[in-house]
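Given next are the chains, with one letter for each unit.
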Amino acid sequence: MKISMRLGFCAALLSCRCFLCAAQGKPEKTEPASVYAELEKAPAKYRAKANPLAADKDAIPAGKVLFEEHCAECHGENALGSKKAPSLRAKEVQEAPPGSLFWILTNGVVRKGMPVWSKLPEPQRWQLISFIKSLGPVESTENKTAGKP
Amino acid sequence: MNHSRFYYLYRLLLWALLPLAGASILAAQENPYMVAYDHNLEEPGNLEVEYFSVFGTQRGGPNFHAFWSEFEYGATAWWTTELYLSGQTTFGESTVFTGYRWENRVRPLKNEHWINPVLYVEFEDINGADKIMKEVEGHDVESDFLTPNAVARRERKREVELKLILSSNYKGWNFTENTLAVKNLSNEPWEFGYALGASRPLTLKGATHKCNFCLQHFIAGVEMYGGLGDRYNFGLRETSHYLAPGLAWNLPSGWTFKVEPTFGLNDNSHQFLLRWGVSYEIAGFGQKVSQLFQGKGE
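Protein chains in written order, with this note's numbering: chain S, 1 to 149; chain R, 1001 to 1298.
Careful: at least some of the hints might be erroneous.
Using 27 Å as the maximum straight-line C-alpha spacing, the simulated DSSO-like pairs for lysine-lysine come out as follows [claimed, not checked]:
1. S:K41 with R:K1171
2. S:K133 with R:K1110
3. S:K133 with R:K1210
4. R:K1110 with S:K49
5. S:K133 with S:K83
Hint data in this document are derived by calculation from the structure and do not stem from the laboratory.
Let the sequences and hints guide you as you build the complete structure.
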């Protein structure tokens, strides 16, 4: 009885702490390096991957729909970034090999708040990449700081 | 707490959360599992409010309708925390609140792998009348549910439940395998159980226009789960097992509907259960709460 009461008390304390931390919406600590540095970490095997839907004319409109449903909340409606996540119109993203973007989508950057999107089937991830690449670069001074704490 | 007051509070809590939904849209991509877990966690800062029901047939006693609400919050991209409130109606008897559960799921590995482990820890404070069957463990059998509510609710169960979730995504399929160990804190032996699942969207490519009925929004699957005895009597003897095909419909508006007819696989199991549920994902919930208390806008 005593043990379970103590456990319950600890659980309540922990949940308050968890909720407060999470509600503050603070991104976890990130290195001072560019938020786009993660793209460089894609293994060569992935970087070399070509987008199998590059020639599919439906890939971009389908990617747009997927982007609005899954990505716009954090990356902004025009993919220009927000407080939560960086711009996808930055040169670093637009010039990155499609395979690197695929790797980031598949693995996320979970320690820095980017969720894993492997739950989206592969063709949908490639459709998203087709759409993101179709947007083209927009250089902005805010691009590099967006998504940083 | 009498029944009407419990219902009133329960509904009030659900409705109170709806205004926080705001205009943010984030389509969920939920698998149809009701018992098994995969390695996909809640997106950070999002709150998913869920309601689930299970209608159960009962041999030798009245059928029942058990129900629970889940409040699932993505604390980080690698940690999801969740609160459950549960109750049940046994037809011809009564409706009772059966307790709460607090669970946490953590991804220990930062990258996606062939098999992705997730660690699960849950604390339950429920009574003996609980019938949601969120998991089947130990020697849980159909006849356990024959105890009348008035008697069963007097039994208090404080349990810790540990799960190892191993899940893979491959060519649009999800395969998951959960093993669980449960310890009632009142000096009872460890009990064990399992859940297996496989699911796949009806089509893998996304549609070129927004639609509610596109096949990509439907995920079909099947799960199987059951008990594995306890520390002193490990194995399949005197355990119950279930097979459940299911379907999830993930709407682009953030709503998800799930249905899962469940069939008992042996004489110890309920012959038939029907589970269904609805959930809504509130994007950016953490940020909204933060703004509420700090008075900051975007």
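Going through the hints against the structure:
1. S:K41 with R:K1171: 24 Å, holds
2. S:K133 with R:K1110: 26 Å, holds
3. S:K133 with R:K1210: The hint holds at about 20 Å.
4. R:K1110 with S:K49: With Cα atoms ~22 Å apart, R:K1110 and S:K49 stay inside 27 Å; holds.
5. S:K133 with S:K83: At roughly 22 Å apart (the allowed maximum being 27 Å), S:K83 and S:K133 satisfy the hint.
Hint violations for this structure: none, all hints satisfied.
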